[in-house]
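> Chains A and B supply the protein sequences, listed in that same order. Numbering of the first sequence is given in this note's numbering, commencing with residue 1 and proceeding in unit increments. Numbering of the second sequence is given in this note's numbering, commencing with residue 1 and proceeding in unit increments.
The set of hints was computed from the structure by calculation and includes no laboratory data. Some hints could be false.
Only pairs whose alpha carbons sit at most 27 Å apart, straight line, appear in this in silico DSSO-like list of lysine-lysine [stated by the list, open to error]:
(1) K84(B) - K108(B)
(2) K285(A) - K560(A)
(3) K57(B) - K97(A)
(4) K316(B) - K108(B)
(5) K632(A) - K48(A)
(6) K57(B) - K74(B)
(7) K84(B) - K74(B)
(8) K128(B) - K84(B)
(9) K22(B) - K588(A)
(10) K128(B) - K440(A)
(11) K97(A) - K22(B)
(12) K588(A) - K370(B)
(13) K135(A) - K560(A)
(14) K560(A) - K57(B)
(15) K440(A) - K135(A)
(16) K97(A) - K370(B)
(17) K234(B) - K316(B)
(18) K135(A) - K57(B)
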Amino acid sequence: MPGILNIAYSGLNAFQNAISVTANNIANANSRGYTRQSIILQSHLTQKYGGSYLGNGVTVGSIYRNVDQFANAQVRSMETLKSQYDNFYQQALQIDKLLSNDNSSISVSLQSFFKAIGQVNDSPDSLTARDVFIKQSQLLAGQFNSLQRQLDEYQSNNNLQLLEAVNQINSITADLAAVNGQLMSTPNDPALLDLRDELLRQLAEFSEITVANQADGSVSVGLASGEMLIAGSDVRSLSISSNLSNTTGTSISLGTGAGTIDVTSRLTTGKLGALFDYQNTVITKASQLIGQMAIGLSQTFNAQHQLGMDMNSNIGLNFFTDYNSTALQLGRAVNSGKNTGTGVLSVNISNIGQTQLSDYSLSVTNAATNQLMVTRQSDGQTTVLTWSQNPPSPPAGQVVLDGMTITVDDISELADNDNFTLMPTRGAARDLAIQITDPKQVALASPVRIMSGTANTGQGNIALGALLNTNGVNHQYSIDFIDSTHFNLVDVTGGTSTGPFPFTPNSKNTIQIPDNINPSYSIVLSGAPNAGDQFSAQYNTGGIGDNTNGLLLGALQQSKILSGGNATLFDTYSSLISQVGSQTNQAKLRSDSADVLYQQAVDFQESKSKVNLDEEGVNLLRFQQAYEAAGKLLQVTSEIMNVLFDAMR
Amino acid sequence: MRISTNQIYQRSINNIMAQQEKLSRLDDQLSNNRRVQSPSDDPIAAAQIELMSQRLKSSEVYNSNIQSANSKLKFEEGVLTGVKTALQRLREIQVQAGNGALSDSDRKTLANEAQNLLNQLQDYANFKDNDGYYMFSGGKSASAAISLINGQYVYNGDSTQRLQQITDSMQVAINDPGDAIFMQIPDGNGVFTVQQTATPNAGTAIASSGSVINPAAYIPDNYTLTFALNSQGKTVVMVTGATTGNVIPSTGLPDDAPVYQDGASITFNGMDIKISGDPQPGDSFAISPAQSSSMFATVQQMIAALTQSHLTPADKAQVQTINNQLLAQIDSALNRVLDVQSDIGSRMNLLDSAENANDNLIEVSTEVLKQLREINPVVVAAEYNAQIYNLQIAQQSFSRLQGLSIFNFI
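Go ahead and model the full structure; you've got the sequences and the hints to work with.
Laid out in structure tokens, this is it:
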């Protein structure tokens, strides 16, 4: 009899527990990281009764978490993948839209700029047209500046996100270490295990991690590249350092107990990987490319502008500010901050056509023999060079590479393993500005005026050929024909005469002024002049209606000035758009497919571990009915007792 | 497979969100008509769009260059028409001046009219463009093209022609410097001049302006045509050149020279000159290669000839020879203006054809750009409706699903 009572009681107890597990499942149906628990009921040890055994009721065998470590690991690695591509896509999309938007596109401003040149060529003597042109150039420079400012903003936003990510990682790893510690004293606490799995999943968002279960119930966590983050309750935290200026990006270091190591290059996955990748391949590349455009534009435009003559009859000045000013040259070389020498480097862009879209790292390999090594970061190509002894004489040294002339102020101040980062183009768009403000200073005219003598009797024609420099434009020259096939070249200002030179009638005769050795410009004579005919070339004083140089300035629109003479400014910009576009597009496709994989992994894991309310509802009914039955058993026991008591009465 | 309640909700939400995303994309496309919203939508098309719109824009710039070049050339042509009218009137005056019966006062009236026309010509040459700069001064557009200094008309501009880019490879001149139009006009008949030598002729021989009848045989030189008496007492015509020596006759002896015939052509070294009237022995004409002269100087000479003494037959003959020269010179000036006008006309034709070419390019580029960048509204509208339907289905299925719970039944 007490057996039945015990059995009924064990049933009530077991089913109460089962209902409580079910209730907990229902209550936690929406809890983050909660793993569904199941109860296992076992029959109690049996009692030998005669030759057979009598059951002895039910007991709770175990309450276990429906967890699949493989599914969790898979979710973690898919989380890393998805977070990497998602984050990259979200970031890149901003630049993608920025570059193609008509309001921020450099291409649109460049078009307006060249259109204004076309208009001013129409009326070079109109101050209004010149003013419009100056305004348009200021807009163009402003567009370059503001695009670079946007990129800088994205960079600093990226730095902030990295900082935020590092903070989160540190807080997650600290929590994980604490949970590890608790689990060592209370192994298998399901709530702690759930918490730990959830924290690991959150950590995987930032970077790929390795997780190893330890015998003491803790887990060891490391970066995929092997560096340890958590061992037991020990935690190593990450720290972030911006490079000297926020424009050159951010690096992340890991504490090692003794010091720190730079792990930036190893963080290639997850959100951290995405942010670094975005920084290095999108922001930096875009900044280098528009910098190259800015320098290319100012170099070629200034060079042509200085070959012209302005409305005040002066030779043209720099139109854009000097991109090789001392400050800008110094700004292109950044000391690593750990150098033991005190040498200061400067970078002069000597040929933008050869300048590559890359940053460079320069290291002093042997200070004694003046040897250095330059690594191009875009393709890793290294070049070993030796400081030349000029200019002008030691201590300064110089090397030339990829269109850059790199100068050190004092060779003797360099020490072995000194490192410098060279940024020839990155950020150069920040400094593009218009030098001239007076519309009259736009040099549209040629500095040389050519004329045929008014008393010429022959049929000779004079035309101005290429103007190479302005050295010879101040002298007046006269070409005097001795007979129809010979002429003298007379420097009227200098009072010298050379010749006679031969002339071939009815073909183009190119005459270098002042001579073939150091030509300043050339004159093309054709037709059939007679003896005594005169042609002259002199400084174009008052030639305000001349647009010869303006046309050459306008022709820069089509000229291939970048990438070794293979790309116009527009080509370069459109290649930037398509590069960023395809990077963004690729990230979107990858993010989509990572999404699918992630969803599958989550599905698999959730199907194992997550609560199904219907299932719990059924369990609830089942256990409720069992509980009621057990209750009924008590009633039956009591009725049996009553039967006995009645019989005894 | 076992499925959790969370998954049921999550799947429905994912589905609805995916449908909504597609719908919003289509909505964007419909509202701004663009297929490629940002370069990442189609990077290859984006690069092509960039290049196409660049080509389109530069064609538009060329077209606006063409339009302003056209208006400049039209303006110039108008001014030149004024010059032409003035020159035609001057030619009429010159023809009238050839009438020997004119009285001195008639000649004076003509001279006054010629003077007015001369001033008019100078005004035309100093015409200003829309921006207030002299249009015929070449590059020195701030200086008046023509000024009168010490009785001489002087050109103050230069020979610079202003060009404008009208296609990638073509430039067209949008002005003409004044020296070519007004100044450098060969005098005489354009090749050589015929005039009395320094000592006035005593006879009444009148020389025509002459012409080159055989350009291959023409030898430029300073020739002197002299009348002499041969041994038979007949007037003969002799020609010698400063460098070519004796031309007619080659011996230089009067007896070998042809006898003068009134009104007959005298032909030598490719040239042909008619001389009429009654020359005296010793009378002579100088025949020299043409020099450059301005149309203003020609008109000045006209006025001088009209005011010159016109009393004796010898005076009249001298003026008549000058008149013949002047008429040829005015014709040269007129031809020069007509040449420039026809050159302007051909430049305007060039502008037209360049504009056509640019228009074609714009049309093609616009079409390509449209295909690259724009949606087909019909297709997208259909997709849009289908998408709305899909979204509705997703939402309905969710509302059905979320109503399904066993707790409704226990």
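> With reference to the structure, classify each hint as holding or not holding.
Verification of the supplied hints:
no., hint, verdict
1, K84(B) - K108(B), "23 Å, holds"
2, K285(A) - K560(A), "20 Å, holds"
3, K57(B) - K97(A), "21 Å, holds"
4, K316(B) - K108(B), "15 Å, holds"
5, K632(A) - K48(A), "26 Å, holds"
6, K57(B) - K74(B), "26 Å, holds"
7, K84(B) - K74(B), "15 Å, holds"
8, K128(B) - K84(B), "18 Å, holds"
9, K22(B) - K588(A), "14 Å, holds"
10, K128(B) - K440(A), "20 Å, holds"
11, K97(A) - K22(B), "19 Å, holds"
12, K588(A) - K370(B), "25 Å, holds"
13, K135(A) - K560(A), "25 Å, holds"
14, K560(A) - K57(B), "18 Å, holds"
15, K440(A) - K135(A), "13 Å, holds"
16, K97(A) - K370(B), "20 Å, holds"
17, K234(B) - K316(B), "24 Å, holds"
18, K135(A) - K57(B), "19 Å, holds"
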